[in-house]
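K.L.:
If you want the building blocks of each chain, they are given just below.
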Amino acid sequence: MRKAPYEPPAQSVFGQIVDAFLMLALVLVTLYLPLLLKLAGGGTTTRTFDNPTWETLGQNPTMAAQWEKLGFDPTSAAAIIGVKFDYSFSTVALVVTGVVIVGYFVAMIRWSDKEYRDVIAERFDDSGPAR
Amino acid sequence: MVDVTHTGPAVGATAPAASKRVALKRVLGPAHVWGLGVGIVLVGEFMGWNFAVGKGGAIAALTACWLAGILYTCVAMIDSEVTSTVAAAGGQYAQAKHIIGPLAAFNVGLYLVMAYTMLEVSNAIVTGDLIDAFAHNMGLVGDVDKRAYMVLTIVFLSWLNYRGVLATLTVNYIITAIAFTAILILFFYVKPWAPGDVLKHDGLLTGLPYGGLGILAAMHFGLWYYLGIEGTTQAAEEVRSPARSLPLGTLTGIMTLLIAATLTWYIGSGLMPWEYLGQAITPLYDAARLTGNPYLEVLLFVGTLFATLASANGCINDASRAWFAMGRDRYMPVWFGAVHPNYRTPFRSIVFFVPIAILFAVSTPLDQTITLSILSGLLGYTIMAISVIIFRRKWPLGMISRGYVHPLHPLPALLLLLLCTVTYFAVFLGYGTQLLAMMTFYIGASVWFVVHRYKYCRRGEQFTMPWPKPVGY
Numbered sequence: 001m002r003k004a005p006y007e008p009p010a011q012s013v014f015g016q017i018v019d020a021f022l023m024l025a026l027v028l029v030t031l032y033l034p035l036l037l038k039l040a041g042g043g044t045t046t047r048t049f050d051n052p053t054w055e056t057l058g059q060n061p062t063m064a065a066q067w068e069k070l071g072f073d074p075t076s077a078a079a080i081i082g083v084k085f086d087y088s089f090s091t092v093a094l095v096v097t098g099v100v101i102v103g104y105f106v107a108m109i110r111w112s113d114k115e116y117r118d119v120i121a122e123r124f125d126d127s128g129p130a131r
Numbered sequence: 001m002v003d004v005t006h007t008g009p010a011v012g013a014t015a016p017a018a019s020k021r022v023a024l025k026r027v028l029g030p031a032h033v034w035g036l037g038v039g040i041v042l043v044g045e046f047m048g049w050n051f052a053v054g055k056g057g058a059i060a061a062l063t064a065c066w067l068a069g070i071l072y073t074c075v076a077m078i079d080s081e082v083t084s085t086v087a088a089a090g091g092q093y094a095q096a097k098h099i100i101g102p103l104a105a106f107n108v109g110l111y112l113v114m115a116y117t118m119l120e121v122s123n124a125i126v127t128g129d130l131i132d133a134f135a136h137n138m139g140l141v142g143d144v145d146k147r148a149y150m151v152l153t154i155v156f157l158s159w160l161n162y163r164g165v166l167a168t169l170t171v172n173y174i175i176t177a178i179a180f181t182a183i184l185i186l187f188f189y190v191k192p193w194a195p196g197d198v199l200k201h202d203g204l205l206t207g208l209p210y211g212g213l214g215i216l217a218a219m220h221f222g223l224w225y226y227l228g229i230e231g232t233t234q235a236a237e238e239v240r241s242p243a244r245s246l247p248l249g250t251l252t253g254i255m256t257l258l259i260a261a262t263l264t265w266y267i268g269s270g271l272m273p274w275e276y277l278g279q280a281i282t283p284l285y286d287a288a289r290l291t292g293n294p295y296l297e298v299l300l301f302v303g304t305l306f307a308t309l310a311s312a313n314g315c316i317n318d319a320s321r322a323w324f325a326m327g328r329d330r331y332m333p334v335w336f337g338a339v340h341p342n343y344r345t346p347f348r349s350i351v352f353f354v355p356i357a358i359l360f361a362v363s364t365p366l367d368q369t370i371t372l373s374i375l376s377g378l379l380g381y382t383i384m385a386i387s388v389i390i391f392r393r394k395w396p397l398g399m400i401s402r403g404y405v406h407p408l409h410p411l412p413a414l415l416l417l418l419l420c421t422v423t424y425f426a427v428f429l430g431y432g433t434q435l436l437a438m439m440t441f442y443i444g445a446s447v448w449f450v451v452h453r454y455k456y457c458r459r460g461e462q463f464t465m466p467w468p469k470p471v472g473y
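The listed protein sequences correspond, in order, to chains A and B.
Residue 43 in the UniProt record's numbering sits at position 43 of the first sequence; the count goes up by one each step and never skips.
Residue 158 in the UniProt record's numbering sits at position 158 of the second sequence; the count goes up by one each step and never skips.
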């Protein structure tokens, strides 16, 4: 037997505006604020060079020629070449991140299935196709 | 204006509710689908992919390019089957609603909106940087305010989308073709059949500066070669023959991109030292400059500009349709579910994202906005792999009519899950804080949906496909 349909409450225009701005606020707080405060971004190390030459920068003649065609000299190129990613990481941080991602998906799918059962119960008879 | 309203009873209310809607126009064919998919993604060949070189070196970036190509082949195969069966506006969002459930659908809708909005933002940033670099290289006296071009790009393309989908995607089709031609011309100009003449791979390829870990790390930006190809599904409600056009458009799109990605890597790594290439904003334009041919420089300026505009154009189209579909279902305020009475476009959803896109464009670095886009895409691919496994269990083959059945199930889904896991780790290497920030956003939004928003949604109405009851329910 099909479940009686759920009748949702009507949402006022004010409520809709509040909801739209709540989503906007969530974007700004969780995504924009860390960028603004420079809390997020590439984990890098910077090496400085005194009186750099193409050789001390580890550039062979082919590389040096291409850098020069692009308008760089050893001093200006050193600012780019000296920046490297730092891939050292904490195992705890890796495990915590993994748990957050897996936990998020597991919780989402389980809760979705709970809601989905209500949808199916309203939509279908015990045996027949959707109408 | 005409709003979407749901006034009928929940059970069997699909037809009466639909009769009150102003439907989107069914005007698109396979070429438009190809143009939409490739148009969004082709910009990934002009910029962004090269950050993979920065994370692992040129060889690692090539490995990432091919691994990401496998990932997206799985995505295209799975997507073609599900989309040709669940052909409704919102693409993966509508699919998740029918296959997994409301909370998953809400999250998938947000993935789409965030991935495309951040991609649009990235395009606007590159447009500003490109015009600045071109003006500088042409010897223009004075400074160019890049931010003005970023804002102009977003506002102009939003207006174009506001006016109508056919004109928008026809423009996309043309400028995508021009941009792709620019890559091909550059490729032949650098004489790949004569190594050492223009291309200097012998002197520029340096192995793996970060070792094997660099290959994993490079997967992060390797996705950028193809990110957004799944956007073809957003136009499902506007395609004349979804069962034929969507698989055809999507799969030819991924083939186009696999070729373009390989050509792009070959050109870039043969002309620029990896340290420069790994941080360049406009690598193909720089490659053209290195050939010393001014006509080629102008062509690649135009190609890069067109690619960014085509991509931003497609992104606005896709993000607004996902938001529109969520509004129509009350997952978001129903006010967003309105269709313009004259232009038949989801105009409110289009306008809503303009200020958000402008804010991010004028104030955040390119690698950050690209990472936000990639992360949302990655979450979407993960749920896509889970979704197709559930889809085949709930409706085994033969139980419902499918426009396309992808082969070797569940291998593509399992491979996709594995490659997604690798990519999460790749993002964690160097951008772990952003990964957690993104998860915080989606967890916060999910709590809001469960605790507050879902009470405004009808239950039975969310399932609109004429299918039998799923197995196990």
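The set of hints was computed from the structure by calculation and includes no laboratory data.
Any given hint might turn out to be false.
[Said to hold, decoys possible] In silico EDC-like cross-links for lysine to aspartate or glutamate, where the CA-CA straight-line distance does not exceed 20 Å:
hint, chain 1, residue 1, chain 2, residue 2
1, B, Lys455, A, Asp113
2, B, Lys200, A, Glu7
3, B, Lys469, A, Asp73
4, B, Lys469, A, Asp19
5, A, Lys69, A, Glu55
6, B, Lys200, B, Glu297
7, B, Lys455, A, Asp125
8, B, Lys455, A, Asp50
9, A, Lys114, A, Glu7
10, B, Lys469, A, Asp118
11, A, Lys3, A, Asp113
12, B, Lys191, B, Glu297
13, B, Lys469, A, Asp125
14, B, Lys455, A, Asp73
15, B, Lys455, A, Glu68
16, B, Lys200, A, Glu55
17, A, Lys3, A, Asp86
18, A, Lys69, B, Asp145
19, A, Lys114, A, Asp125
20, A, Lys38, A, Asp86
21, A, Lys84, B, Asp143
22, A, Lys84, A, Asp50
23, A, Lys84, B, Asp132
24, A, Lys38, A, Asp125
25, A, Lys114, B, Glu297
26, A, Lys84, A, Glu55
27, B, Lys191, B, Asp202
28, A, Lys38, A, Asp113
Just so you know, these numbers come straight off a predicted model, no measurement behind them.
K.L.:
Against which earlier hints does the structure fall short, listed by number upward?
P.N.:
Of the numbered hints, 2, 3, 4, 7, 8, 14, 15, 17, 18, 21, 23, 24, 25, 28 do not hold.
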